[in-house]
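Undergrad: Sequence positions in the sequence shown follow the numbering used here and run 110 to 329.
A portion of the hints provided could be inaccurate.
To be verified - Okay, the calculated beta carbon distance ranges per label pair: (1) Q250 / H200: 15 to 21 Å; (2) G296 / Y201: 22 to 28 Å; (3) V238 / G327: 20 to 26 Å.
Hints listed in this document are in silico derivations from the structure and should not be mistaken for laboratory results.
Cβ coordinates follow ideal geometry from the N, Cα and C atoms, glycine included.
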Amino acid sequence: MRTIRKILSAASLAMVPGLSCLAHAASADSAANGENLLVFVGQKISLEKQPPPGCDNCIIMDEHFVANYRILDTVFGDYRANTIAFDVYDHYGTPAFSTYETVLLFVSRQPDGSWVHEKYQFYDLHQGVDAQWYGCGDPYQNYPNPPRTVKARPVEFAAPVSYPLKELKPEQIKRYYPAGYFDIRGGRAWCLKATSAADLFEAKKQTILTARGIFKKGSE
Numbered sequence: 110m111r112t113i114r115k116i117l118s119a120a121s122l123a124m125v126p127g128l129s130c131l132a133h134a135a136s137a138d139s140a141a142n143g144e145n146l147l148v149f150v151g152q153k154i155s156l157e158k159q160p161p162p163g164c165d166n167c168i169i170m171d172e173h174f175v176a177n178y179r180i181l182d183t184v185f186g187d188y189r190a191n192t193i194a195f196d197v198y199d200h201y202g203t204p205a206f207s208t209y210e211t212v213l214l215f216v217s218r219q220p221d222g223s224w225v226h227e228k229y230q231f232y233d234l235h236q237g238v239d240a241q242w243y244g245c246g247d248p249y250q251n252y253p254n255p256p257r258t259v260k261a262r263p264v265e266f267a268a269p270v271s272y273p274l275k276e277l278k279p280e281q282i283k284r285y286y287p288a289g290y291f292d293i294r295g296g297r298a299w300c301l302k303a304t305s306a307a308d309l310f311e312a313k314k315q316t317i318l319t320a321r322g323i324f325k326k327g328s329e
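Produce the complete structure using the sequences and hints provided.
TA: What follows is the structure in structure tokens.
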């Protein structure tokens with residue numbers, strides 16, 4: 110008879126050294142004012158897969174990576190260096206944010222001083238002619254019943270921004286590249302409206318970052 114192994118849940122992960130960040134990365138010591146959060150515009154230097162941590166009679170559900178990023182701009186938080194190393198845990202393998210050239214990333218400082226990526230939270234960014242960074246599409250995409258106080262607007266980019274649609278089904282195109290935000294033509298989704306990096310952070314602050322207890326509901 111095969112031995113039944115325990116599958117780690119978010120709650121049980123806290124008992125495994127180094128894995129307390131898998132539920133989300135914010136420290137329990139945070140006063141829900143984002144004091145341990147860093148939000149930055151970054152470009153990848155390296156991403157290295159790590160061996161799974163030791164864990165007897167259990168299955169680790171997430172893959173572990175160490176990322177090194179160059180910081181182009183700090184949107185929120187206090188960090189003085191121009192590069193940062195942080196841990197990434199991803200159930201689906203290679204983190205999606207690592208496939209984009211420039212991204213808005215959310216990382217939280219742990220009690221030991223290390224940094225951990227807020228799981229799955231990022232926006233891919235493109236530079237406008239005003240030298241500011243913007244993310245295309247709905248700033249609240251995939252979040253149910255958002256407040257909608259942050260709104261995308263037409264932006265003139267330094268170079269046209271579009272995304273390939275070759276491997277997507279019609280329903281996926283409609284979901285990922287909704288009308289009004291994108292123009293679908295020539296097998297690509299062309300960006301029509303975008304949101305500044307600062308406002309993208311505000312959208313996350315109002316939704317998932319508050320849901321994770323990093324900010325208090327309604328905090329400024």
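Undergrad: Each hint should be assessed against the structure and marked as holding or not.
TA: Consistency of the hints with the structure:
Here the CB-CB span from Q250 to H200 is close to 20 Å, well matched to the stated 15 to 21 Å. Separated by about 25 Å at the C-beta atoms, G296 and Y201 satisfy the suggested range of 22 to 28 Å. For the hinted restraint 20 to 26 Å between V238 and G327, the CB-CB distance of approximately 35 Å leaves it violated.
Figure legend: structure checked against the earlier numbered hints; the only hint not met is number 3.
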